[in-house]
Every structure is written in C-alpha cells, then in structure tokens.
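4 protein chains.
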Amino acid sequence: MKRFFLLMLIGGLLNTLAAQEMKPEDTEVWEPEPVKVTPGVFTAPPSDAIVLFDGSDLSNWIRPKYTVGATLESIKTMIENQQKTNFEGTDPEWMVKDGAMIVKPGGGAIETKQKFGSVQLHIEFLCPYDPGKESQGYSNSGVFFMGMYELQVLNSYENRTYSNGQAGAMYKQHPPLVNASRPPGEWQMYDVVFNAPQFNRDGSVKTPASITVFHNGVLVQNHTVLEGPTLYIGKSSYVKHADKLPIVLQDHGNKVRFRNIWLREL
Amino acid sequence: MKRFFLLMLIGGLLNTLAAQEMKPEDTEVWEPEPVKVTPGVFTAPPSDAIVLFDGSDLSNWIRPKYTVGATLESIKTMIENQQKTNFEGTDPEWMVKDGAMIVKPGGGAIETKQKFGSVQLHIEFLCPYDPGKESQGYSNSGVFFMGMYELQVLNSYENRTYSNGQAGAMYKQHPPLVNASRPPGEWQMYDVVFNAPQFNRDGSVKTPASITVFHNGVLVQNHTVLEGPTLYIGKSSYVKHADKLPIVLQDHGNKVRFRNIWLREL
Amino acid sequence: MKRFFLLMLIGGLLNTLAAQEMKPEDTEVWEPEPVKVTPGVFTAPPSDAIVLFDGSDLSNWIRPKYTVGATLESIKTMIENQQKTNFEGTDPEWMVKDGAMIVKPGGGAIETKQKFGSVQLHIEFLCPYDPGKESQGYSNSGVFFMGMYELQVLNSYENRTYSNGQAGAMYKQHPPLVNASRPPGEWQMYDVVFNAPQFNRDGSVKTPASITVFHNGVLVQNHTVLEGPTLYIGKSSYVKHADKLPIVLQDHGNKVRFRNIWLREL
Amino acid sequence: MKRFFLLMLIGGLLNTLAAQEMKPEDTEVWEPEPVKVTPGVFTAPPSDAIVLFDGSDLSNWIRPKYTVGATLESIKTMIENQQKTNFEGTDPEWMVKDGAMIVKPGGGAIETKQKFGSVQLHIEFLCPYDPGKESQGYSNSGVFFMGMYELQVLNSYENRTYSNGQAGAMYKQHPPLVNASRPPGEWQMYDVVFNAPQFNRDGSVKTPASITVFHNGVLVQNHTVLEGPTLYIGKSSYVKHADKLPIVLQDHGNKVRFRNIWLREL
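Residue numbers (our numbering), protein chains in the order written: chain A, 399 to 664; chain B, 399 to 664; chain C, 399 to 664; chain D, 399 to 664.
For the record, the hints were derived by calculation from the structure and aren't laboratory data.
Certain hints may be false.
Restraint-style ranges between C-beta atoms, simulated for each label pair [as the list claims (entries may be wrong)]:
1) A:MET493 x D:GLU426: 27 to 37 Å
2) A:GLY651 x B:LYS633: 52 to 62 Å
3) B:TRP428 x D:GLU429: 53 to 63 Å
4) A:ASP641 x B:ASP489: 54 to 64 Å
Computed, partial: chain A to chain B, Cβ under 10 Å [stated by the list, open to error]:
5) LYS421
6) PRO430
7) THR436
8) ALA567
9) ARG580
Derived pair list, reagent style DSS-like, types lysine-lysine, alpha-carbon separation capped at 27 Å [as the list claims (entries may be wrong)]:
10) D:LYS421 x C:LYS638
11) B:LYS511 x A:LYS604
12) B:LYS434 x C:LYS502
13) A:LYS638 x B:LYS421
14) D:LYS502 x A:LYS434
15) B:LYS502 x C:LYS434
16) C:LYS653 x D:LYS434
17) B:LYS531 x D:LYS495
18) B:LYS531 x D:LYS502
19) D:LYS421 x A:LYS434
20) B:LYS653 x A:LYS434
21) C:LYS421 x D:LYS633
C-beta: ideal position from N, C-alpha, C; glycine also.
Working from the sequences, and respecting the hints, build out all of it.
Encoded structure:
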C-alpha cells in the first residue's frame, strides 16, 4: 500500500512537471482540417447535403417489395430478404402536390434508392386535420432509419396515445422528452442525428444505434440508445445487418405529407 | 457444456413462447406523459425556454470576479472560489446595440446570473470583419458551459487555425466535424445540447460531460465526450464541481456580437 | 405657329445649356435624413412597429358596440356612431391559445383600441380545416382597415367562390391578382400597405384609399384604388370620416386564428 | 340652379332605389378566376417565379456592351443602341462563391438575358465591411429596372450620404421613407413592385413608372412615382422605350454580393 501511495505521489509530481513544461501549442491539433460546408439559409440544405425530396418528384424513392416487420422474427426475415433482393422495388404511388409528397393509403411504404448508415436528417411533415380520429389512428406515419429504427410520426397535438408511441418517440422504445407538436394542418420539422449500430463479426453488438431528435427545434431525444429494431409486438434486440440501408417512410393509412427532405452522411 | 446448450435451448424456447404470447399493448408506455411545449417560429424560443438575451438589455448577466482558468490548477482555484463567492459579480460593461450585445474588449467575460447544468442552448453570434487579423486573433470569443467547457467562437471562414481551436471546436479537445462557418459580418447560430458531467461522492467521474452542436444547422459535434474542463495549456481531466454553474461568454479582445440567446433546462 | 417652334427651340437650347451646367451634386438632397429603423429578423416586428398582438393577450383589442355595415346607409350610421361614441367597447371574448388569437363564433368582431390611418401591416392567419364547408362559408374572416375597408380572409385553397370574395380580395371590389393561398391548417401571411383616403372639407374625396397586399410573399393587390368602404350589398362610394380609425378583425362564424400582428404608421 | 338640385334629388332617389333593389350577389365577380400560385417558404421563390440567380451560376446574365447613362442625352443614346443591338453582350466576369454573386470591380455591370416590364422582384444583397470608405464610396451598387430606373444599393448603416442617394432611395429622385439598413457584412433584402411606364404613340407618357420597395421588410418606397430614368447629372424626364428591357446590376467598384434573385412578371 505504501508503495502505491509512493507511486501516486511520483505520478502526481510528474504530471505537475509535465503540465508546467507544456506550452499552449502542445495541445493544438492542426490536421486534418475540417472540410468546408456552406450552410443553407433557414432550413435549406447545406452544400454537402443529399437532397431526397425537393418538392418536384419521387425520383429518389421506390416502393419496396418487403413489408416492415412487426416482430423480431419478421425483422430477421426482412433483413435476409434485403440482403438477397438488394432492396428492389417499384415506382411509388404516393402523390406529389404543392411541393409536398403525400402518403397514398394502401400504396405502401416508400424507401430511398440510396442506402445510408449514420446521418444528419432534416425532414418536414404535416399531419392532416382529421376530426374523429384518435390515438394511433390520427395521422400516423414514421421515418424508419435503415428500414427498421422508427422515429414516430403522428398527430400528438391534443391527441393522447401511449407516450412511447407519440410524435417524437422512438416507437415502442423511448417517449419524447417533451411534446413539441404543432396542431394538425401545420408543417412540422424533425432534425435528427442517427448513429447506425456497429456489429462485431460474430453478430454481437459493438455499438448500439443512438439518436438525437429535435422536433420543431425542441430536443425530444437526447442521444437515446436503441434496444434494437422497432417492433410492434414484443421486446427488441439487435440483429446484425448491413452498414447502409434505405430510409423508409411509412404508409399507415393516413395522408401525411412530407417535404424538404435532405441528409448529410456522417 | 451440454448443460449450457440445454439451458440456451430452453431459454430460447421460453423467449419464443413469451414473444408469441406478447401483445402490441404490452410494450405501450403511457406514463408519464411528456409535457407540452409550444415550439417557437423559426428560431424564436419555445414556450419553456429561459431567455438569456432578447436584444434589450444585459439584466440576466453579470461580470464575474474570477478569471476563467488556463491550466488545471487555475480551474481548481476557480472552482474553489466559485463555491466560496457564489459567483458574485458586477454589472457587465458590454454594449447593447441594434438588438445585439457586443463584447467590450478589456471589459471581461460575462456570465449568467442563473446557474445551469444540462441544457439545450440556442445562441447567435457575429464575428466582425477585421482584415489583417488571423488565426486565433480573428473575432475570438467562446461559450463556456458551466464556466469551464468551452465551445469556441471564432471567425473560421477562410481563416486557418489549429483544427481544435476553430469555430465549432470544443476548444483544445475536439475539432468540429466540418467547417460550417459563414463569412465574418454575417450572423451565425449554434444549437447545442450540453450534458453536464456527473460525479461520484468521492469526486471521481460517474458520467463525463458530452455535447452535440449544430453550427448554422450543420452537425459539428456529435455527442462528443469531453476530457474535462477546457484548458489553454496542458491535458485536461475532471475536477468535481457543483451540479449547476453559470454559462460564460468570453472577452477575448474582439468585438464579437451575440443575440437571441435562450436555453431549455434538460 | 412659327413662334411656337421658335420658343420650343429656345427652350430646348436653354435646357441643354442648363443640363450642361448642372453638376451631380445639384440633384443631391441631404435633408431631411430618413429615420433609422432596425428591421426585424424574419417576420419579427421592426424597431418602430406597434405590436398589436404578440401571442400573449388581447390587451390592445376591444369588442366594439357597433356592427360593421352591410350597405352604404349602415356605413354612414356606423361612422356617425363612431364619431359620437368614440369607439367604446367591451372586453373581447376571443380565445388566446398557443400564441394565437382565435375568433369566437358569435363573439363579435374585435378592433384595436388605438386608431390608425395609413399603415404598413403584418398579420398572420390560419384557416382551420373544415371539410364540408364551401365558398364563403369556409374559414371566413376579414381585416377591416379603418373599420370599413376589408381585406378578405377565407380559405381559398381548392375552395372556389366569387373572385372578388376570395382570400386576398378587397371584398366585393377587387379580386387578388393570383391565388397564393396555402391549404387550410397552415399559417399564412398578409403584408399590407394601406393608404387612407383623404377628404376635402366639403366631404368630397381628395385621394381615394389604396392598398398593396402580399399574400404569403406574393403580390395580390398592386396599389389597388378602392371605390369606397366595403359593402356586402350594392356599389360603394366614399363617405367622409376621421383621419384615424381602428383596425377591425371580423367574426364571420369561423374559428380563424391570427398571430404576430404588427404595424408601422406611415 | 333649381334644375340642378332637382336632378340631384332624382339621382339620389334612383340610387337609393337601386341600392334597395340590389342583392349581395349583384356585386360578386366570378370570372376570371385568379391563377393559383404556390408561395415559397420563407423567401424561396413562389411557383410562378422566374429565378434569375439561385446561387449556382450566372447563366441568366450577360455583360452588356453599353454603359448606363449619366445624363439624359446618354440615356437616349443607350435606348437607341438597345433597340439596335438587342442588348447583346458577353459573359459576365462577376464571381460566384458560397451561393452569392460578387461584383467584379471594373468588370462592368451585368444584365438579365431576359427582358422584363412590370415585375415583383426579390433580391438579397450584402455590402462588405470596408472601414475608411464613406458616403457614396461605401459598398455602392444598384438595381436598374429596365436598365434605367435605379434602386440604390449602398451601405447606409452609420454612413451618411445625401438622402436621395442612400440605400432604398430611387437614386437622385426619392429618399427612402426610413433607413432600414442592416450593418455591412449582413445580408439584406429588397422586395419590390416595379410598374413599368407606359407611353403613348407620340412618345409622351401615358403612365409614369412607379415603385414600391420593402427594405428588410420595412416599407421605404410607397408607390413612388418616378420622374424618368435615373440620372447622375441633371433633372430627369421620360424617353420612350420598349415595353420590356433587362434588369441591370451595377458595378460601382465595390465587391457587393447578391443572392436569391427571383421575380414574377406582373
């Protein structure tokens, strides 16, 4: 024990000496130089953004052949199919109008042709006013990162549902910190940092997926760590998948609109 | 070993059975209900924000008696003094003009009268055009969370300095992911999620401080974990401090302007 | 005739000589110096604006005792009453919620306590989604300058009505140049320059009222000259009135919302 | 005289009868229906806008062969040349950087390839900070409607010059109503309604040009009627010209920047 304290003492002295000998420039890091990005005005995409929807057409989107899974088993099947089919799809049936894309109820989900891992995403959405609807039935849709991690889209303005199922929730996993919803009929925004999970060779999780979300400029997910893919039924756990997968927008039977969708790969 | 596999098998079967018996509502969480927050329009403060500066006056700020430390030793002294003096200060000498507050070179740093731990912060700043200036000399200031964790403010548009010292850097620790600077003379924005460090009773670190920063809407710090307080000289490490401390804006001798400063406690 | 041409010739020569002798500074005008106004960010009020509604309360508004006239005769009665009663009124019954004021159907019109002549006005409005409603019945309200010159508020997105009765129309007088309506449920903006009419002592019109209107940033009234007060029935003509009168927002039985209302006196 | 009053009386009675017999629908106007225009978000161009500069290149601009005139004589020569040469020009030398076009001092004015008459114009500009410069020498440029009616561009923040020569002035004719300038280095906006003059066959003026200008959202020209083309020297008067002519941006030797330029033909 004495020896330990002696070592501590010596260590402390050395540290102090080291600090005294250090100069300000010793902690300057010059390389690599951060790449220049010209920011957009207001919520316009910055110079290095990939624009997924600018109001004109759905050319960056397809209708996938598979269905987003409800249980872990079906997620596994989906992932297997994804790896086989390479996410082939058909033209989406959603409508484009007034600079927005609109869910076609029954038309199925749509997904990006391009695949992504970790991203900064900006997306605007509008939940149509639909009196009489309630809970999960009121303007329901979702943004699925990598096709399986869902950020819920729902009218949560004066529409109570389960907390981990309302707007801003990581569906069935994490409620939003607060409810920052605007009324149905108004445009809303999500600004998201999604960090893709990383897997070891044996399929175990190296780093779980995490997400930070601002809803209309208000923080609702603060580097939330996900348990696994979003499941409608049951508790989730991770299933190893590819490094990059499409982003999916859900058709949940309501005419939710989206516009000004862009992301930056991280 | 056989016994192990048998247990695995049984466990797997039980899991499967459990999943089969689970219903969608089993994973619904209803309480607590997230509190309602009315978001602001554009970058206006949301309904639960604490407005630190709305363009009119410096009534929420004081000039502290202490100086922000350059070395770990001086940080320790500062923290000791903070705990003694309770952050007393005098009226700040900075100027308010055209809805902005302007650093008074030589007037010293200013800090919030109120103390904060983890926050979502919005702050706008303007680096005045000052040809001839370069590197750290060009429109330098900083936002110090808890008086010691500095998000650098600097003109980094066509002004090279060390990467961990440019705009968007956690000074002397983490360069920004990209350089999203606007030219000097233009207003810029930081949108920040700062998570205060947590300490054990013995002073050791339970959770280090972490920070997410958007610079003009572009992600530049992605849940970056800090090594300790910002130091001008030497390598940092944590020193236990209070749960809440003021936010400090630095006087680095340049007439940097700030406006529209608000935060939400997390 | 010869003499005429001779004079013309001499005049022309003199003009030429005069022009040749003129210096650039001869056409410089230094006084009076235009007053400095600090503009607002986005649609925030500039420094010289009078804010009529900032989202908090209706303290700048009253419920008038009179009713806005439908015919020229009733307008005359209204003007007489105005001059007698000095626009007394009671507290408005409209609701304030989420930073907006909402028409209370049956609660009557509201008007500004302060009186105005020529103004630059900014006002935002939201026509609630109300399927089944049509034509003039769909989210109808109005902005009455000087209590009698109405800029129509209506849902005119995919809702046909008579052209001089749709959103952006000077009601029953001038249709908007184009239909720049957003869908019901979304916030919309009017930016208006209203020039009050001027009367001679004998009550005849010296200068008629004129108006320029931008609807969501799109020009819909281009210095339109008005025929007189807005009438529901019949052709209008001017009736002499005071130089300054209140601005009135109409209750037409629909829960139209307003927010961010400010003006500058011209 | 008696007869006159009798006629007046009869006229009045007839009017009253007419009004009594009129129905609300008598003053409804249904055709033509205003064309639908989808407004832009914030200051983005609406759906019917012609975008002159979106930040990418100068493909809609040329460098004209002629010089903008200083006197009425030279304006006449310019107009003659315009009609001969059809505004031929060469590629502009101005630089495009960070989404803005920058005046190249000595590079000459630039003008739109397309010609316009009456327009709604949105244009953003930035006067670079340039200490030591003063009066007309500080970040001078201009927007010339039809190549000859100049809306002045200048740094007028804490930079006194003659009132009819400052930012927002119709140069050498009409000072702005107020000074709504932002400091040099910040982006500013003009939102303009320009009404082209109309001429009779004999060259006389049928309707003079008029202009309404918002500077950073603040009204600075309220349907101002112009005396004729902008002259550096001498008093102006009208010279008949074509119905449509290019819009010109001036090179006055200062590196003024422009961005987000769009217009709608009226």
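**Item:** Unsatisfied constraints (hint numbers, rising)
**Value:** 11, 19
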